[in-house]
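Trainee: Using the sequences and the hints, build the whole thing.
Heads up: the sequence shown begins at 1 in full-length UniProt numbering, then just goes up one per residue.
Please note: incorrect hints may appear among the correct ones.
To be verified - Derived Cβ-Cβ restraints for the label pairs, each shown as a range:
| hint | residue 1 | residue 2 | range |
| --- | --- | --- | --- |
| 1 | Ala429 | Gln322 | 20 to 30 angstroms |
| 2 | Leu18 | Pro177 | 18 to 28 angstroms |
| 3 | Thr270 | Ala429 | 16 to 26 angstroms |
| 4 | Pro313 | Ala38 | 51 to 61 angstroms |
| 5 | Phe308 | Gly117 | 14 to 24 angstroms |
| 6 | Lys16 | Gly296 | 54 to 64 angstroms |
FYI, nobody ran anything at the bench for these hints, they're computed from the structure. Note that this is a predicted model, so its numbers are computed, not measured. Note that the Cβ used here is the ideal one computed from N, Cα and C, for glycine as well.
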Amino acid sequence: MTTQILSPPVLQESNKKLYVSCIKWGTTILAPSMIILACFYGGLSKEVAYFLGLTACAVCMWATGVMPSNLVAMMLPVSYILVGVGTPHDMLVSWTAPMGWLVLGGLLTGLVLSHTGLAKRIALWSLHKTSGSMFTLLCGLLLVGFIIAPLLPTALGKGILMSVICIGICDAAKYAPKSREASVIMLAGFLASTAPRMGLYTGGGDVTLALELMKSTGVALTWGDYFIQNYVPNIVYCVCSMLLLLPVLRPKQNINTRSYVESQYRQIGTISTIEKRAVCLFIILTALMMTDKYHGINAGWTIMLIGFISFIPGLGLVDKKQLETLKLGPVFFVVGCMAVGAGAKVTGVDKLIAAQLLPLLSGKGELFTIVSTYLSATTLKFLLTPVAAAGAFTVPLVEIARSLGMNPLGLIYTFIYGLDQFVLPYEYAVLLVYYATGYVSLSSIVKFFTARLFMTLILLVIVFYPYWKLAGAI
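Mentor: Right, here's the structure in full:
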């Protein structure tokens, strides 16, 4: 029997991992414990103490990654029930709400879009119409994003599709990985797959979660209302974000990708019968969601219905084999995060937080509150994913807005845009996918997104705030 002796470098690396793991677990255990003790010392009820402690524990686990994020979200409402924060009826109410089904429906329609090849056709058609210079290429990528946004609600699915196309463009143009040009193209793909989601109720999990939690507090909002109040500001946001790439990263303007795009576009051939059927279904879906104000059917039920119809034998869109590839983790994560909002309402923590923050915001004016909310959201992004932050802070924000006599819509919209600001790849899974390709440099990511953070603040003051006020959201 032989004994394996670890070399000093291997042993040092092993000790380093153990040290980091101990710090992460220590933080995950110590921080919630201190919060619970502080709550008891401050005379708060045990329900409030346990709610804040367990929520802090979940936040620490999400931030440090010591446990799978989906598993943490699944266990969160169960933990609330076990310690008496609320009843099963209180904590599991999110499973009867449209939110989880909306995410699941989005995954189903995304499966249709990718399996039929319609997503790739839309992307290549847009680039076929616009490829040439660097500027027109960015326009083409953004056009792809706007077309796919209402059809494929999962940002990660759009991100993976766009990253593959962008890598092909970089290779065709012979741009070295992490060069300024490659970084611009990859970041343009990221923006195209994520930024347009801000203008649609069902554009992304974080957006939908915040709006559904807001509705649970009694603030009514339809898919069409959100579209009217946010699509125009979102167009401005997307265009300015895309154009910001050029002065910040300063790529070479000449680019030759037309031959690559044309060859790829020819390979997919003419549109098939299956793709035509998928187009018809998506047109019906979009029309139903835009008119939900009139027929009264929630977008969650609509998108599930369209997803179900896609599996009907004879249509040929998707089948049992594709259904088995569906990853349901996002559903459990989003629904689990909604338990935070439910717990805050049951324990009165939403009003408690509002009461503590109210003196800091009172008498300062609407615009000051809007800017403060934006800056708070951008700070939270260093600790939480967009979905987790939306789940934890939407309900307290609604309560703050009501206490200040403000329309909660403007505050929630601002919070959503604040959560879309990133500086480092770890803050957002889709950005991490692009960084992991090796084609975009870390310095380019930090430089661009820092500039975009301040650009968005300016847009918030001079474009979004006046538009939302005119549209009745403030």
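Trainee: Each hint needs a verdict: does it hold in this structure or not?
Mentor: Hint-by-hint comparison with the structure:
1. Ala429 x Gln322: 20 to 30 angstroms: Given range 20 to 30 angstroms: holds, Cβ gap about 22 angstroms.
2. Leu18 x Pro177: 18 to 28 angstroms: Between Leu18 and Pro177, where Cβ atoms are some 33 angstroms apart, the hint is violated.
3. Thr270 x Ala429: 16 to 26 angstroms: 35 angstroms, violated
4. Pro313 x Ala38: 51 to 61 angstroms: Because 59 angstroms falls inside the window, the suggested range holds.
5. Phe308 x Gly117: 14 to 24 angstroms: The hint (14 to 24 angstroms, Cβ to Cβ) holds, given that Phe308 and Gly117 are roughly 21 angstroms apart.
6. Lys16 x Gly296: 54 to 64 angstroms: 58 angstroms, holds
When each numbered hint is compared with the structure, violations occur for hints 2, 3.
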